[in-house]
Amino acid sequence: MIGRGHPWLSLAPALGVIAVLFGGGLALGLAGSFGMGRGGASLEAWIAVLSEGRVWRSLGLSLWIAFASTALSCVIGLGAALLLRRRFPGQGLARLLFQINLTIPHAVGALGILWLLSQSGFVARLSAGAGLIDGPAGFPALTQDRFAIGIIAHYVWKEVPFIGLILLANMQSLGDDPESAARSLGASPFAAMRLVLLPLLMPALIRAGAIVFAFSFGAWEVPVLLGQSAPTALPVLAWQRFTDPDLAARPEAMALAMLIALVSAVLIRAAFAGRNR
Amino acid sequence: MKRMMTAIGALLLAGTAAAQQGDALLDMGWDEIVETARGGEVNVFMWGGADNINAYVSDYIGGILEEEYDIALNRVPLSDTAEAVNIVLGEVEAGATTGAVDMIWINGENFRTMKQGDLAWCGYVDKLPNAELVNFDNPAIANDFGTPVEGCEVPWSRVQFAFAHDTARTSEPPRSISELLAWVEANPGRFTYPAPPDFTGAAFVRHVFTHVAGGPDALIGPFDQAKFDAVAEETWEILNGIEPHLWREGVTYPTSITQLQQMFANQEVDLFFTYDPAEVGTAVVNGIFPETARSYGLSDGTLANTNYMVIPVNAANKAAAMVTQNLLLSAEAQLEKAQPEVWGAATVIEPDRAPDEVQAGFAALERHPSVVSIEELGQAALPELQADWTSAIEDGWIRNVGN
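So the sequence lines, in the order shown, correspond to chains A and B. So for the first sequence, our numbering puts the first residue at 1; every next one is plus one. So for the second sequence, our numbering puts the first residue at 1; every next one is plus one.
Mixed in with the good hints there might be a few duds.
Claimed, not checked - Label pairs and their in silico Cβ distance ranges:
hint: 1; chain 1: B; residue 1: A72; chain 2: A; residue 2: I104; range: 28 to 36 angstroms
hint: 2; chain 1: A; residue 1: P13; chain 2: B; residue 2: D229; range: 40 to 48 angstroms
hint: 3; chain 1: B; residue 1: A364; chain 2: A; residue 2: G112; range: 43 to 51 angstroms
hint: 4; chain 1: A; residue 1: I47; chain 2: B; residue 2: E376; range: 48 to 56 angstroms
hint: 5; chain 1: B; residue 1: E66; chain 2: A; residue 2: L83; range: 56 to 64 angstroms
hint: 6; chain 1: A; residue 1: L15; chain 2: B; residue 2: E341; range: 51 to 59 angstroms
hint: 7; chain 1: A; residue 1: G60; chain 2: B; residue 2: E66; range: 51 to 59 angstroms
Simulated from the structure, these hints should not be mistaken for laboratory data. Since the model is a prediction, treat every value here as computed from it, not as a measurement. Cβ atoms here follow ideal geometry from the backbone N, Cα and C, with glycine treated the same way.
Using the sequences and the accompanying hints, generate a full structural model.
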């Protein structure tokens, strides 16, 4: 039955789930940010949130985390995909190893980073044992640090295989033909890659990058485990407001959550628009 | 098919039972309440960060409930009690009369929120037979962080804040807030505290605040803005002053008490503190802290509070929740909870109102050598500040120190 009726009819179950669960949550969150359900509507929460210096510092930090993680993941993921598409002995094993961490949950990965890179972590202990540093405090701060290195490291570790996987699938469907044609017309291998393959891969790369951006901008569990106490990433700030015992902070939490969704949507829209121009 | 009909019938019955609850229960005798509760379930929402506490509730309490009352206890772990308050708030706002939450482990600001928002079920406490074991005239039990309890929650345990050190590393730890401030300067990088809104970190800041105010007497009673401003200014000055001597030069703070515990275990810092000194013993038993770890109190006193169990106004299983609360208050369950290898939590009942063998049990309690004795701590106990004070101090710290 599926696929035979009108496309809208066939899509109805999926669209229904999205509209009710996702759209409904968004609408309720928006209503909550205007203090509705608590008697009347007001802009108080939005004004409070937007006039607060901490919110802007958190927004800046979240943008930095998302941009840096996306850029690094895209560059490394693209490079890895280009290497992995060639045929070489043990290619299957290499691809498996490359993709293996796709199955690891983010919270587990973040704890791994903590055990590895914190000042009392594995690398720090190894360095202290080898006499490179005097004690835990001598190890550079890579988690709970000002530049969010631990958070970005986690996202890059986790998202490089994701980008690579999407690009590999994309290259498989493109086949070797476009590049071979360019080569037979006299293009060098590098020129064929830069002028033919990369432009063909761009739409897939931007789509995958948008997913990475939206996730690293809006996710809460990694910055809460690896982030410093102030400024916190925007989602952590929203969660703190949501769990504040003071009921008046709830609309502010909703406004922050809406702000995250809004900024993320606008930036991703801009990335697609820039590509299509 | 037949089985399905029975299931639907049972669901319908459960629905009516829930609707009848509440006021109807208040007119019943205790035996009738127990019969109403029999065969049901109770959903207990509580902070789930300590395995021994979880086991006590799920296995010990849950086991007795199952055996004696045929009640199934579902423990729902939380990382922040406010999450459960949020659920109740959302349900009540949406008009749901049979909520998912039957009981919350709670105190302080969250209780004030529930009481203010009319989210707590009140007026049932004297129905519980074991409430007789509790001295509700004791101000430390009748007030939850300065908010009058007024029959809206049932006390469960007493705790008092304590510090901890490793005798092998720090033989002479600071034993008052002023000594601590000097110690921090003399030992750069070896101390820090979790950033509020972390519960324990906020309690540490209140100790400094109380110290600056010259003791708790100046801060007792309702919030006073002028008094707050005067004390706060000096407190932020002190805390900003020690910042360069803290872990990571105070550029960042740990974000949870769990993180501070790991840092103490990893020898990144030399002092630990907790609102539940029994935790230090548990950490030693679990091999997280060394055998030489010791908890201790301060000469100028540490904050003490009582924690409670509250039943939300829209709880679906109020009768089962009452039976559970009565069991939690029983002399035997309170004694079990006080056993160091179980939890080591201080009781809220008056031992001399309990049966003789339980009294003997309390007298024979042995504590873990790493845990400071309740008597020693209790010699200098500071009352908790009212919730308006605590939230003003938290906000002020975030604005003036932790930015």
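Against the structure, the hints come out as follows:
1. A72/B - I104/A: 28 to 36 angstroms: holds, 34 angstroms
2. P13/A - D229/B: 40 to 48 angstroms: About 60 angstroms separates the Cβ atoms of P13/A and D229/B, which means 40 to 48 angstroms is violated.
3. A364/B - G112/A: 43 to 51 angstroms: holds, 46 angstroms
4. I47/A - E376/B: 48 to 56 angstroms: holds, 51 angstroms
5. E66/B - L83/A: 56 to 64 angstroms: Once the Cβ atoms are compared, 59 angstroms apart, the range 56 to 64 angstroms for L83/A and E66/B holds.
6. L15/A - E341/B: 51 to 59 angstroms: holds, 56 angstroms
7. G60/A - E66/B: 51 to 59 angstroms: holds, 53 angstroms
The structure shown violates just one earlier hint, number 2.
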